[in-house]
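Q: These are the residues of each chain, in order.
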Amino acid sequence: MYFLRRFIFAIPLVLLISALAFALVRVAPGGPFDRERAPASAEIERNLQAAYHLDEPVWKQYLRYCGLLWQKDAAGHWQHEPASFNVSFKYRDQRITDIIAQGLPISMTLGGLAFCFAMGVGLPIGFLAAARRGQWQETAGNFFAILALCVPGFVIGPILILVFAIKWKLLPVALWTSPVNAVLPMIALGLLFSGQVARLFREGMISAAQSEFVTAARAKGLDETTLLFRHALRIAILPVVSFSGPMLADLLTGSFVVENIFQIPGIGGFFINSALNSDYMMTVDLAVLYAVLLIGLNLAVDFAYTLLDPRVKYE
Amino acid sequence: MSEAPNHLEHFSPGRRAWLRFQRNRSAVLGAYYLVLLLVVVVAWPIFLKISPSDFAQHHNPNQLSDVQFSPPDAKHWFGTDIHGRDVFSRVLFGAQISLLVGVVGALVSLVIGVLWGAIAGYLGGRTDNIMMRIVDMLYSLPSIIFVIVLITTLGAALKQSHLVEHSPALAGGLRIVLLFVGLGAVSWLTMARIVRGQVLSLRARAFVEASRALGAKPHWILARHIIPNIFGVVITYLALTMPAIILYESFLSYLGLGVQPPMASWGTLIAEGVGQINAIRIYWWLIIFPGGILVTTLLALNFLGDGLRDAWDIKNRP
Chain L
1 MYFLRRFIFA IPLVLLISAL AFALVRVAPG GPFDRERAPA SAEIERNLQA
51 AYHLDEPVWK QYLRYCGLLW QKDAAGHWQH EPASFNVSFK YRDQRITDII
101 AQGLPISMTL GGLAFCFAMG VGLPIGFLAA ARRGQWQETA GNFFAILALC
151 VPGFVIGPIL ILVFAIKWKL LPVALWTSPV NAVLPMIALG LLFSGQVARL
201 FREGMISAAQ SEFVTAARAK GLDETTLLFR HALRIAILPV VSFSGPMLAD
251 LLTGSFVVEN IFQIPGIGGF FINSALNSDY MMTVDLAVLY AVLLIGLNLA
301 VDFAYTLLDP RVKYE
Chain A
316 MSEAPNHLEH FSPGRRAWLR FQRNRSAVLG AYYLVLLLVV VVAWPIFLKI
366 SPSDFAQHHN PNQLSDVQFS PPDAKHWFGT DIHGRDVFSR VLFGAQISLL
416 VGVVGALVSL VIGVLWGAIA GYLGGRTDNI MMRIVDMLYS LPSIIFVIVL
466 ITTLGAALKQ SHLVEHSPAL AGGLRIVLLF VGLGAVSWLT MARIVRGQVL
516 SLRARAFVEA SRALGAKPHW ILARHIIPNI FGVVITYLAL TMPAIILYES
566 FLSYLGLGVQ PPMASWGTLI AEGVGQINAI RIYWWLIIFP GGILVTTLLA
616 LNFLGDGLRD AWDIKNRP
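Quick note, the sequences are listed as chains L and A, same order. Take the first sequence: its letter number 75 is residue 75 in this note's numbering, and every next letter is one higher. Just add 315 to the spot in the second sequence (first one is 1) and you have this note's numbering.
Certain hints may be false.
Dumping the calculated DSSO-like pairs for lysine-lysine here, alpha-carbon to alpha-carbon at most 30 Å [to be verified]:
hint: 1; chain 1: L; residue 1: 60; chain 2: A; residue 2: 474
hint: 2; chain 1: A; residue 1: 364; chain 2: A; residue 2: 390
hint: 3; chain 1: L; residue 1: 72; chain 2: L; residue 2: 60
hint: 4; chain 1: L; residue 1: 167; chain 2: A; residue 2: 390
Don't read these hints as lab results, they were simulated from the structure. Bear in mind that the values here come from a model prediction, so they are computed numbers and not experimental data.
Start from the sequences, fold in the hints, and give me the full structure.
A: Next up, the structure:
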């Protein structure tokens with residue numbers, strides 16, 4: 001019930017976000033045709049503006065964008081105006097949905113791989129740092145976590161290219177053609193988050209190991225391994241789960257840079273270019289897409305949380 | 316760190332935190348590193364002004380020369396870039412922008428976060444509920460997307476407005492203002508949550524209630540009891556917000572959305588280095604030096620923030 005309510009609440013939220021994004025891109029001066037047709041006559045520009053309905057008031061443009069605009073035609077009948085959210089000024093022979101359909105799977109694959117990398121590296125290191133307290137594993141694990149936390153993709157990515165692709169020629173420099181192409185981008189995108197995961201998991205393990213039910217289980221004579229894996233782990237994973245919502249968001253936006261470095265044809269590059277070229281519809285579309293993905297992922301993460309932690313009940 | 320040793324008990328909380336902080340080696344090291352970096356960043360331009368003109372010429376960050384892509388040597392400590400400019404100088408001048416955006420952006424987020432959190436926590440009830448729901452909602456939005464849209468549209472407006480021709484320096488300055496206002500405006504959420512939690516628990520404490528029972532006005536209670544007691548938390552989260560904002564700034568500048576040439580920040584320098592990647596020659600110094608300074612600065616700030624958090628004994632979750 002709670003999740004249904006949140007789901008329904010998300011719909012006006014997405015509308016609000018689209019309106020906000022639309023207002024933001026439309027109030028600024030400058031148009032999509034400034035750059036490519038700078039020397040064109042004023043008349044041509046006016047015609048272009050009219051063809052894309054850019055001369056209308058902003059609220060009308062927004063309704064048209066959503067496909068919620070009805071206008072009287074010459075005969076006085078109310079006519080539904082086709083929705084314009086699918087029109088790109090830059091890629092005029094392509095629909096935006098096609099561009100998204102091409103780019104989104106690539107971006108999501110990259111994000112998913114980086115998520116797996118962050119978990120696959122972060123969880124064992126966090127676990128080890130917590131399980132071997134006071135030994136060298138803890139120091140090394142903590143140091144890895146805080147170092148990884150400070151190395152953004154646009155620093156580690158180029159270094160990986162220089163070392164593995166150019167110097168040793170082990171992996172391809174760029175592009176997205178075969179599975180080996182994914183290795184370097186995955187590391188570049190996931191490294192920072194593996195540090196965060198390791199840190200959170202270590203803290204979770206330490207506080208779980210100190211809790212009373214673990215002490216009770218230990219007093220009953222359970223061995224340390226079972227204790228950590230069966231009892232402490234289930235509690236310690238919870239902070240990591242609730243962090244994975246914001247983390248997925250950062251993976252999505254973090255891929256802008258990584259896609260740029262490795263020349264990967266995801267949607268990150270389209271978003272940046274559309275914002276720079278005042279390709280309004282595309283900017284708003286992609287902003288809304290990111291918002292929907294994020295809200296959806298957060299909901300999924302909260303839902304997963306209730307499955308993992310029976311103590312949590314949403315009313 | 317949860318219990319203070321006995322001999323510390325007769326000190327004030329601030330003094331105790333200071334003593335605990337001093338014992339944290341990595342935090343102190345981080346603080347020293349940052350002070351050193353600040354001194355070098357501030358002193359280097361002054362040093363260039365008073366040094367012999369030959370030296371100043373070689374190290375002018377905008378001086379083009381024929382020594383392109385020279386690897387690091389005694390003359391150019393960090394090597395030179397495609398235009399023969401001294402990378403060492405460019406990194407230090409870039410540091411001015413990166414650090415400025417980090418500090419001011421964090422202060423913007425501090426002002427918004429503390430006001431929002433303190434008001435919500437102090438008023439409580441329905442206002443608190445609404446204000447915190449807004450924070451929850453904003454948490455689930457792709458804030459950096461909005462910063463990008465904001466910066467590109469307002470940046471385009473700036474370009475249209477002839478200011479660029481009249482006074483490029485002012486236009487560049489306005490872009491930086493845009494950057495730290497935008498980044499500060501999306502980074503206050505955690506601060507607001509933490510401050511609200513603190514204020515909520517302080518409000519219920521006996522000494523605050525006693526003060527209220529004696530007839531103290533809300534602004535007196537806020538100024539005398541609440542604000543001094545959340546000082547540690549605020550400083551800690553200020554130190555932890557700064558690396559996040561520096562990271563965002565270099566992220567945006569890397570994408571060409573932040574600082575514009577001829578100004579440079581660490582992000583644009585790294586982007587220039589990446590632009591020179593080719594299969595024949597490796598210009599590692601163009602990436603390692605700006606990237607290395609960025610990473611070590613973030614590391615130092617994080618060590619400092621963690622040290623402050625341990626010193627003030629703040630729990631991770633509000």
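Q: Could you run down the list of hints and mark each one as holding or not?
A: A quick look at each hint next to the structure:
For the hint pairing residue 60/L with residue 474/A, the CA-to-CA distance comes to about 27 Å; that is within 30 Å, so the pair holds. For the given pair, residue 364/A sits about 18 Å from residue 390/A by alpha-carbon distance, which is consistent with the 30 Å threshold. At roughly 14 Å between alpha-carbon atoms, residue 72/L and residue 60/L fall within 30 Å of each other, so this suggested pair holds. In summary, the hint linking residue 167/L to residue 390/A is supported, as the alpha carbons are separated by about 27 Å, within the 30 Å threshold.
Of the numbered hints listed earlier, not one is contradicted by the structure.
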